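Just so you know, the sequences run in chain order R and Z. Once you know that position 73 of the first sequence is 73 in this note's numbering, the rest is easy, because the numbers rise by one and skip nothing. Once you know that position 185 of the second sequence is 461 in this note's numbering, the rest is easy, because the numbers rise by one and skip nothing.
Please note that a few of the clues may not be correct.
To be verified - In the DSSO-like style, the derived pairs of lysine-lysine whose C-alpha atoms are separated by at most 27 angstroms in a straight line are:
1. Lys348(Z) - Lys450(Z)
2. Lys22(R) - Lys108(R)
3. Lys257(R) - Lys583(Z)
4. Lys590(Z) - Lys513(Z)
5. Lys311(Z) - Lys297(Z)
6. Lys320(Z) - Lys108(R)
7. Lys22(R) - Lys543(Z)
8. Lys348(Z) - Lys281(Z)
9. Lys311(Z) - Lys257(R)
10. Lys320(Z) - Lys96(R)
11. Lys257(R) - Lys459(Z)
12. Lys261(R) - Lys22(R)
13. Lys450(Z) - Lys96(R)
14. Lys257(R) - Lys513(Z)
15. Lys139(R) - Lys22(R)
16. Lys555(Z) - Lys589(Z)
17. Lys589(Z) - Lys543(Z)
18. Lys96(R) - Lys281(Z)
19. Lys108(R) - Lys186(R)
20. Lys348(Z) - Lys311(Z)
21. Lys580(Z) - Lys186(R)
22. Lys135(R) - Lys96(R)
23. Lys22(R) - Lys198(R)
24. Lys186(R) - Lys583(Z)
25. Lys96(R) - Lys570(Z)
26. Lys513(Z) - Lys459(Z)
27. Lys589(Z) - Lys261(R)
28. Lys257(R) - Lys348(Z)
29. Lys570(Z) - Lys543(Z)
30. Lys108(R) - Lys280(Z)
31. Lys490(Z) - Lys543(Z)
32. Lys14(R) - Lys139(R)
33. Lys570(Z) - Lys513(Z)
Since the hints were derived computationally from the structure, they do not count as laboratory data. These figures come from a predicted structure and were not determined experimentally.
One-letter residues, chain by chain:
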Amino acid sequence: MVPQSNENLQAICKDVRADIVKMTAAAGSGHPGGSLSSVELLTALYFNVLNHRPEEPNWPDRDRFILSKGHVCPVLYSVMARTGDFPVEELMTLRKFGSRLQGHPNVKALPGLESSSGSLGQGLSIANGLALAAKLNNKSYRVYCLMGDGELQEGQIWEAAMTAPHYGLDNVCAIVDYNNLQIDGKCDEVMGINPLAKKWESFNWHVIEIDGHDLAQVLKAYEEAANHKEQPSVIIAHTTKGKGVSFMENVAGWHGKAPNKEELEKALQEIYGGGI
Amino acid sequence: MSVKKLPNRDGYGHGLIELGKSNPDVLVLDADLAKSTRSDWFQKEFPDRFFDLGIAEQDMLGTAAGLALAGKIPFVTTYGVFVAGRAWDQIRTTICYAGINVKIAGAHGGVSVGPDGATHQALEDIALMRVLPGMTVVVPCDAIEAKKATISVAEINGPCYLRFAREATPVFTKEEDFFQIGKANVLNDGSDVTIIACGPIVYESLLAAEQLQKEGISTRVINMHTIKPLDEEVILKAALETGAIVTAEEHQIFGGLGGAVAEVLAKNNPTPMEMIGVKDTFGESGTPEELAEKYELTSNDIVKAVKNVLSRKKD
Ligand SMILES: Cc1ncc(C[n+]2csc(CCOP(=O)(O)OP(=O)(O)O)c2C)c(N)n1
Ligand SMILES: [Mg+2]
Chain R
1 MVPQSNENLQ
11 AICKDVRADI
21 VKMTAAAGSG
31 HPGGSLSSVE
41 LLTALYFNVL
51 NHRPEEPNWP
61 DRDRFILSKG
71 HVCPVLYSVM
81 ARTGDFPVEE
91 LMTLRKFGSR
101 LQGHPNVKAL
111 PGLESSSGSL
121 GQGLSIANGL
131 ALAAKLNNKS
141 YRVYCLMGDG
151 ELQEGQIWEA
161 AMTAPHYGLD
171 NVCAIVDYNN
181 LQIDGKCDEV
191 MGINPLAKKW
201 ESFNWHVIEI
211 DGHDLAQVLK
221 AYEEAANHKE
231 QPSVIIAHTT
241 KGKGVSFMEN
251 VAGWHGKAPN
261 KEELEKALQE
271 IYGGGI
Chain Z
277 MSVKKLPNRD
287 GYGHGLIELG
297 KSNPDVLVLD
307 ADLAKSTRSD
317 WFQKEFPDRF
327 FDLGIAEQDM
337 LGTAAGLALA
347 GKIPFVTTYG
357 VFVAGRAWDQ
367 IRTTICYAGI
377 NVKIAGAHGG
387 VSVGPDGATH
397 QALEDIALMR
407 VLPGMTVVVP
417 CDAIEAKKAT
427 ISVAEINGPC
437 YLRFAREATP
447 VFTKEEDFFQ
457 IGKANVLNDG
467 SDVTIIACGP
477 IVYESLLAAE
487 QLQKEGISTR
497 VINMHTIKPL
507 DEEVILKAAL
517 ETGAIVTAEE
527 HQIFGGLGGA
537 VAEVLAKNNP
547 TPMEMIGVKD
557 TFGESGTPEE
567 LAEKYELTSN
577 DIVKAVKNVL
587 SRKKD
């Protein structure tokens, strides 16, 4: 795939944001908050970084992306559709009976997905397994894994965090969507995860901290991670939950709630009206 | 029958508040799902006795074990899949093996969870919990029974699992109805066939019995709210008196209520049986109604199962 200019990516991000609010509105349920906070991270990844072939989803040398926080599948489905994995119109079937776009990703339903998810905390282990297999098979593909900050409270994440450096999995790139919100409130208040960078450093990861809504920083982080050898990298992306829709920004209540008709209209105006 | 509907997890919320008032040792733990499980109702009343453990179910069960060892009565709450599944070994070895007094609430049982899809629809939790030695397993049929069950498990000294559903379902039992853990309730007497059900599908079973009555089939309906310890007496009596059994649950047909009833009958009095439940498959996204129809969990499906079992009945 031809890499997109920063300007194009910015325009695509607006479409992805619009997809997210439209899809969840059409479904009447779903998770807009954490989808909106991951838009730049996944748009940059799918359009400019991830080496994959929509026409050949099982291409053995493809880079792998694991969505560990499965509830934000609206953003994943959107970037998948917009890079050609399936028709964009199908996005509106999200969560509906018979749809390939299940409420949480189902690898058996939709080609292009690498794993099913929805039970938090399990993705990084899968990424490690894929990365270890790459080493064993002398393959050069890379493995990306997106996690939520609340999700980091799961013990399995830290088990996996030990595994990747232990086996020198420099082909793993973990991404933390650090929006400081989970369902019951701020991560700081529910179950503190700080100091976060120090935690990953002490687990022997290469840590890259960025503004997760700044596309230039996001792209640079992916590049830095790819060039860093002998250690896995983690990108700690500081983000805003609900980014781009003022009434959703930093509101825990928009974690798992769909906009109604008026809210959808307002959201779309904001997304396309003023620049984000 | 036209009845008001409430999610039976509401009964859990009300039960917790009542317990909070009557017993200062009762504590509630949740894993970032307090609103959805209704444990936030207790949190509002008793903020000092509520603890969010974050998205860390295994740690939550271990912490509850420690609290119980020190004399507290912790109720741990999250979705059924994330507790019965994710923390099963902690429940087995830390809690049940030692007989520790932890109360476990699993919300969102069944495909009626709807659009969230298979990952969030607990369909194996009854099986997973009932195989554990020393575990009490209760599946309330509506919000009123859920409140009674919540209050009742606090009186048991030992591990208990309570299962709730997500959807608003008919509230058809009454405050004054008798409720005792381990003692099934016969809701409708009948002589041709018996439906044994647990959870909100008990209501569908009553609708099925009504339908069957019109066709001249006299159907006994048993609300088997406690899966363990199982009321064997009521099952054997039904087998003897009606000679045909249908079980109904929003759970895998293997290992749950149907399996438990079959174990009792196979050992004591083999009786023709049909089982209503999810047939060895995962759920999916959809509305609760669409899914009930696809997975054959409606009153019509129960009627069909009754007719099947009657055709196999021994004279
Ligand atoms: C094992 C498990 N426990 C609980 C849940 C319910 N749940 C879904 S999303 C969520 C909060 C996630 O917060 P975070 O990881 O910060 O995601 P984001 O803010 O990016 O949406 C919870 C508790 C789950 N899906 N899996
Ligand atoms: Mg978060």
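Hints, one by one, checked against the model:
With a C-alpha separation of about 31 angstroms, the suggested pair lysine 348(Z) and lysine 450(Z) falls outside the 27 angstroms cut-off, and the hint is violated. Of the pairs offered as hints, the one joining lysine 22(R) and lysine 108(R) holds, with about 25 angstroms between alpha carbons and a cut-off of 27 angstroms not exceeded. Between the alpha carbons of lysine 257(R) and lysine 583(Z) the distance comes to roughly 43 angstroms, so the proposed pair goes past 27 angstroms and is violated. For the given pair, lysine 590(Z) sits about 16 angstroms from lysine 513(Z) by alpha-carbon distance, which is consistent with the 27 angstroms threshold.
For a cut-off of 27 angstroms, the pair hint linking lysine 311(Z) to lysine 297(Z) stands: about 20 angstroms separates their Cα positions. This hinted pair does not check out: lysine 320(Z) and lysine 108(R) have alpha carbons roughly 42 angstroms apart, beyond 27 angstroms. With a CA separation close to 56 angstroms, the supplied pair lysine 22(R) and lysine 543(Z) exceeds the 27 angstroms bound. Annotation: proposed proximity of lysine 348(Z) to lysine 281(Z) is violated, straight-line Cα distance about 34 angstroms (limit 27 angstroms).
For a cut-off of 27 angstroms, the pair hint linking lysine 311(Z) to lysine 257(R) stands: about 13 angstroms separates their Cα positions. This hinted pair does not check out: lysine 320(Z) and lysine 96(R) have alpha carbons roughly 35 angstroms apart, beyond 27 angstroms. Of the pairs offered as hints, the one joining lysine 257(R) and lysine 459(Z) is violated, with about 40 angstroms between alpha carbons and a cut-off of 27 angstroms exceeded. About 10 angstroms separates the Cα atoms of lysine 261(R) and lysine 22(R), which keeps this hinted pair within 27 angstroms; it holds.
The hinted pair formed by lysine 450(Z) and lysine 96(R) fails the criterion: a straight-line CA distance of about 36 angstroms is larger than 27 angstroms. Taking the CA atoms of lysine 257(R) and lysine 513(Z), the gap is about 48 angstroms. The hint is violated against a cut of 27 angstroms. Distance check on the hinted pair: lysine 139(R) and lysine 22(R) sit about 39 angstroms apart at the alpha-carbon level, beyond 27 angstroms; violated. Taken as a hint, the lysine 555(Z) and lysine 589(Z) pair is honoured in the structure, with Cα atoms around 23 angstroms apart against an allowance of 27 angstroms.
Taking the CA atoms of lysine 589(Z) and lysine 543(Z), the gap is near 18 angstroms; set against the 27 angstroms cutoff, the hint holds. Distance restraint check for lysine 96(R) and lysine 281(Z): the Cα-Cα separation of roughly 24 angstroms lies within the 27 angstroms cut-off, and the hinted pair is therefore satisfied. Note on lysine 108(R) and lysine 186(R): the hinted pairing is violated, with a Cα-Cα distance of about 34 angstroms set against a maximum of 27 angstroms. For the given pair, lysine 348(Z) sits about 23 angstroms from lysine 311(Z) by alpha-carbon distance, which is consistent with the 27 angstroms threshold.
A distance of roughly 50 angstroms separates the Cα atoms of lysine 580(Z) and lysine 186(R); the hinted pair therefore is violated under the 27 angstroms criterion. Between lysine 135(R) and lysine 96(R) the alpha-carbon distance is near 39 angstroms, which puts this suggested pair outside the 27 angstroms criterion. With a C-alpha separation of about 38 angstroms, the suggested pairing of lysine 22(R) with lysine 198(R) is violated against the 27 angstroms cut-off. Taking the CA atoms of lysine 186(R) and lysine 583(Z), the gap is near 54 angstroms; set against the 27 angstroms cutoff, the hint is violated.
The hinted pair formed by lysine 96(R) and lysine 570(Z) meets the criterion: a straight-line CA distance of about 14 angstroms does not exceed 27 angstroms. As the CA atoms of lysine 513(Z) and lysine 459(Z) are separated by approximately 13 angstroms, the hinted pair is consistent with the 27 angstroms bound. Proximity of lysine 589(Z) to lysine 261(R) is assessed by CA-CA distance (about 55 angstroms); at most 27 angstroms being required, the pair is judged violated. For the proposed pair lysine 257(R) and lysine 348(Z), the alpha carbon gap of about 35 angstroms is over 27 angstroms, so the pair is violated.
For the hint pairing lysine 570(Z) with lysine 543(Z), the CA-to-CA distance comes to about 33 angstroms; that exceeds 27 angstroms, so the pair is violated. Proposed proximity of lysine 108(R) and lysine 280(Z) is contradicted: the alpha carbons are some 39 angstroms apart, above 27 angstroms. Distance check on the hinted pair: lysine 490(Z) and lysine 543(Z) sit about 34 angstroms apart at the alpha-carbon level, beyond 27 angstroms; violated. For the suggested pair lysine 14(R) and lysine 139(R), the alpha carbons sit about 35 angstroms apart, so the restraint of at most 27 angstroms is broken.
A C-alpha spacing of about 33 angstroms is found between lysine 570(Z) and lysine 513(Z), which places the hinted pair above 27 angstroms, so the restraint is violated.
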